[in-house]
Amino acid sequence: MAKDDGTQSMAMICWSSDLDRVWPVLILATTAAASGLEVDVFFTFWGLRVLQRSDVRITGENWKQKLESLMDPGSTDRLRLGKLNMGGMGTKMIKMLADEHKVSSPTELLEMALDLGVRLHPCQMTMELYGLSKDDFIEGLQPPIGAASFINMAAEADITLFI
Amino acid sequence: MAKDDGTQSMAMICWSSDLDRVWPVLILATTAAASGLEVDVFFTFWGLRVLQRSDVRITGENWKQKLESLMDPGSTDRLRLGKLNMGGMGTKMIKMLADEHKVSSPTELLEMALDLGVRLHPCQMTMELYGLSKDDFIEGLQPPIGAASFINMAAEADITLFI
Amino acid sequence: MAKDDGTQSMAMICWSSDLDRVWPVLILATTAAASGLEVDVFFTFWGLRVLQRSDVRITGENWKQKLESLMDPGSTDRLRLGKLNMGGMGTKMIKMLADEHKVSSPTELLEMALDLGVRLHPCQMTMELYGLSKDDFIEGLQPPIGAASFINMAAEADITLFI
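Protein chains in written order, with full-length UniProt numbering: chain A, 1 to 163; chain B, 1 to 163; chain C, 1 to 163.
Each hint should be verified, as a subset may be incorrect.
Remember, identical chains collapse to one label, so a pair may be satisfied in a single copy or spanning two.
[As the list claims (entries may be wrong)] Keeping only pairs whose Cα atoms sit at most 27 Å apart, straight-line, the calculated DSS-like set for lysine-lysine is:
1. K3 x K102
2. K83 x K95
3. K83 x K64
4. K66 x K83
5. K3 x K64
These are computed hints drawn from the structure, not numbers from a lab.
Work the whole structure out from these sequences, hints included.
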């Protein structure tokens, strides 16, 4: 619900690393922040990969973690459509369309989100599962948190979404 | 939160054109409206195709938009399961089961939603991406809106869902 | 919104039987309940299969229902990743990683949820579609409900999520 000073807030879970899901996450986050809402986004499961630096490729400490990082490459530059990807052609086509219609890319939107004060929270448990450390992520993130912290934020938020 | 007169409301995002996601969107929308809630549904990304008229097939102005409309045919009559579609067999089977158990089809539910006063909002940005105009859609829709308008609705709603 | 005694609540829809979606449902449900929130989870569509007993395999009364139960085997023991399943290898790998990092399995989390007082509601309509009866489910569930009952719960909840 709205805070005493009237500020409203949104708490979202970014669960996916699919381009077609990350795009709405970042468009909603930046739009809400630009409209004056406080915005928290919890990056968990596949979604944690969105925060990966583009110059970091293979991550993790053991073969399972390294293999997973190869299959799901991460970073906003390398996201693929979850539907109609068609070996990359669908992803390329939608990016061309977005570009022609001046829709910002996920990489641009993520920077914009940080500029607008959106709080980006990596999931601690997923970091451990994947063997990821803070050095694998872009700068400007909040400290890693667990599900309990997200629940606390969500319980006070006006808008809660799982994307 | 509930309005001063006690009316409650729900704001949903219909993001997908998969039969198994559109069905819950429309069942929840009609059920909530029948229970007295005000309901807003924002059709964006793949979900915008749900509002397409069944007699409109190829849409858009350039080859990319036309190709996309062929891959993702749109209209409530042509939705396919996102899982276990199995070349259409899964979709056919679930439709037969739904029919036997008197579960309304998405096309019937969409009409019902309009009759019950559910507000259906097409996403302006997705319309531009796909090259869709109002003439490609069914009648009775609200004017196209952007993410900021949806955020405003959601911030006042009692239930917010991304489907 | 919070009740008069200050208790907060969460209402979730578990729509999927994919391991990577059921895991967050159950982690969020148990975490919220452990934090003192009242938690309701509505298991519908593919998600209903999560509640299936592990010793029940083929379900339903006619060939369509039986075939569906074969394609989507159900029970928390048999869930598969919706992404990067790779013929079961991805699912096996993520389960190994989870085990090494002491992340509870869905089966353990479901038991924990019941112990913590999370209310698990099977969807009446989906039960009829699939031809499932109470005997096909684990013990400790709430009576089957429809979408209208879920809407009532969600309208009073502080957190609403569709997963």
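Quick rundown of the hints versus the structure:
1. K3 x K102: neither (35 Å within a copy, 37 Å between copies)
2. K83 x K95: Both ways: K83 and K95 sit 14 Å apart in one copy and 22 Å across, limit 27 Å.
3. K83 x K64: Both, since 26 Å and 16 Å are each at most 27 Å.
4. K66 x K83: Both ways: K66 and K83 sit 25 Å apart in one copy and 17 Å across, limit 27 Å.
5. K3 x K64: Answer is neither; intra-copy 44 Å and inter-copy 46 Å both fail.
Of the numbered hints stated above, those contradicted by the structure are hints 1, 5, listed in ascending order.
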